[in-house]
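Colleague: Sequence:
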Amino acid sequence: MEALALPSLNSPSISCSNLQKRSFANVSRRLQHCNFSEQSTFKFRPFHGSHRHRFSVIRMQTDSEDYDLKQMRDMAAAKKRWESLVREGKVKVLKPREAGYAIQLSDKTLLDVRPSTEHNKAWIKGSTWIPIFDVDDKLDPGTLSRKVTSFMMGGWWSGVPTVSYNSRFLSEVQEKFPKDADLILACQKGLSKRTKPMVLLHTLLSWPGFFHLNNIFGRSLAACELLYNAGYKNIFWVQGGLETAEEEDLVREGPQPLKFAGIGGLSEFLGWTDQQRVVAAKEGWGYRFVYSARLVAVFLAADALFIGAQQLGRYIQELRSH
Numbered sequence: 028m029e030a031l032a033l034p035s036l037n038s039p040s041i042s043c044s045n046l047q048k049r050s051f052a053n054v055s056r057r058l059q060h061c062n063f064s065e066q067s068t069f070k071f072r073p074f075h076g077s078h079r080h081r082f083s084v085i086r087m088q089t090d091s092e093d094y095d096l097k098q099m100r101d102m103a104a105a106k107k108r109w110e111s112l113v114r115e116g117k118v119k120v121l122k123p124r125e126a127g128y129a130i131q132l133s134d135k136t137l138l139d140v141r142p143s144t145e146h147n148k149a150w151i152k153g154s155t156w157i158p159i160f161d162v163d164d165k166l167d168p169g170t171l172s173r174k175v176t177s178f179m180m181g182g183w184w185s186g187v188p189t190v191s192y193n194s195r196f197l198s199e200v201q202e203k204f205p206k207d208a209d210l211i212l213a214c215q216k217g218l219s220k221r222t223k224p225m226v227l228l229h230t231l232l233s234w235p236g237f238f239h240l241n242n243i244f245g246r247s248l249a250a251c252e253l254l255y256n257a258g259y260k261n262i263f264w265v266q267g268g269l270e271t272a273e274e275e276d277l278v279r280e281g282p283q284p285l286k287f288a289g290i291g292g293l294s295e296f297l298g299w300t301d302q303q304r305v306v307a308a309k310e311g312w313g314y315r316f317v318y319s320a321r322l323v324a325v326f327l328a329a330d331a332l333f334i335g336a337q338q339l340g341r342y343i344q345e346l347r348s349h
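Counting in the working numbering, the sequence shown runs from 28 upward without gaps.
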């Protein structure tokens, strides 16, 4: 897995807990001083306490910053490799509509590398599903901690699950397809050739929460690189991802439109995603009324809980006073 050089592929699961304590502005400020060099300059702040305690805090801060900067360098390096694959023609680029033509007219195979949460909502008829990352359903303390952290840091809003690298991805592809097969790889969001590393980092750290590294516009290209290094030479990549496909571009199956497969959480329930806003602009007030009613219901429920908590607090105080 060293071929991808991604931090997320060097461990069983992906976590951004080290990034949670700093804002994007602070990270950007450190980047200006470090300039992605191997040696980093760290700013030590005054600390009141023992010398031993002060040294421990400084060391923990330095180690954490080193990890953050390593992740940024790895993200930038991965994007450069992916751009090189596309630029040199090792991976051919297709728009969603072109991919639809290739599937229907040339019998090429669409390899869907999305996690199960996205694939179960909508998929392409006749496609093969082998996720490069999938939902982490383990219940060990480490995984549970990551799930709680992910939920608290934005998962409740975006619906992004905790996922881990599928270690059988390459072997499953090799079992089903020979090295000379024509494979069209697609995920929900496709990396734009103009997307810069700092834009990726900003996406990673932007509100309403922190997103895992595998969720930021690169899963299909990471899979392309992995397969190319394994000997597959007829690889096609759907630029923009399935999210940019129109309903007439590809033959879809599943309960939801392709554009909605990557949304979830409270933002989907309230209709506050970009995809739902586009549909609302087309459908008119009838569509918007449903989500407006849901928003009112959420406010009423929150108000009821607040009043209930107040009443419960008063009741407990009365019991204590007696």
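Do not take every clue at face value.
To be verified - Below, computed lysine-lysine pairings styled on BS3-like, alpha-carbon distance capped at 30 Å:
hint, residue 1, residue 2
1, Lys97, Lys165
2, Lys97, Lys135
3, Lys260, Lys119
4, Lys97, Lys309
5, Lys135, Lys309
6, Lys97, Lys107
7, Lys216, Lys135
8, Lys135, Lys122
9, Lys97, Lys148
10, Lys203, Lys122
11, Lys203, Lys106
12, Lys216, Lys203
13, Lys206, Lys135
14, Lys107, Lys165
15, Lys107, Lys119
16, Lys260, Lys117
17, Lys216, Lys122
18, Lys135, Lys152
19, Lys119, Lys135
20, Lys309, Lys152
21, Lys309, Lys106
22, Lys174, Lys117
23, Lys216, Lys206
24, Lys119, Lys174
25, Lys122, Lys165
26, Lys152, Lys119
Unchecked claim - Have a look at the derived ranges for each label pair, beta carbon to beta carbon:
hint, residue 1, residue 2, range
27, Ala208, Glu280, 43 to 49 Å
28, Glu125, Val325, 37 to 43 Å
29, Glu125, Gln201, 25 to 31 Å
30, Pro168, Glu199, 54 to 60 Å
31, Val306, Pro168, 27 to 33 Å
32, Val305, Gly281, 44 to 50 Å
33, Ser111, Val317, 24 to 30 Å
34, Glu199, Gly313, 24 to 30 Å
Please keep in mind that the hints were generated in silico from the structure rather than gathered at the bench.
Since the structure is predicted, the reported quantities are computational estimates derived from the model, not experimental observations.
Cβ coordinates follow ideal geometry from the N, Cα and C atoms, glycine included.
Colleague: State the violated hints by number, sorted upward, taking the hints as numbered earlier in the document.
Modeller: Hint check: 2, 4, 5, 9, 14, 21, 22, 24, 25, 27, 30, 31, 32, 33, 34 fail, others pass.
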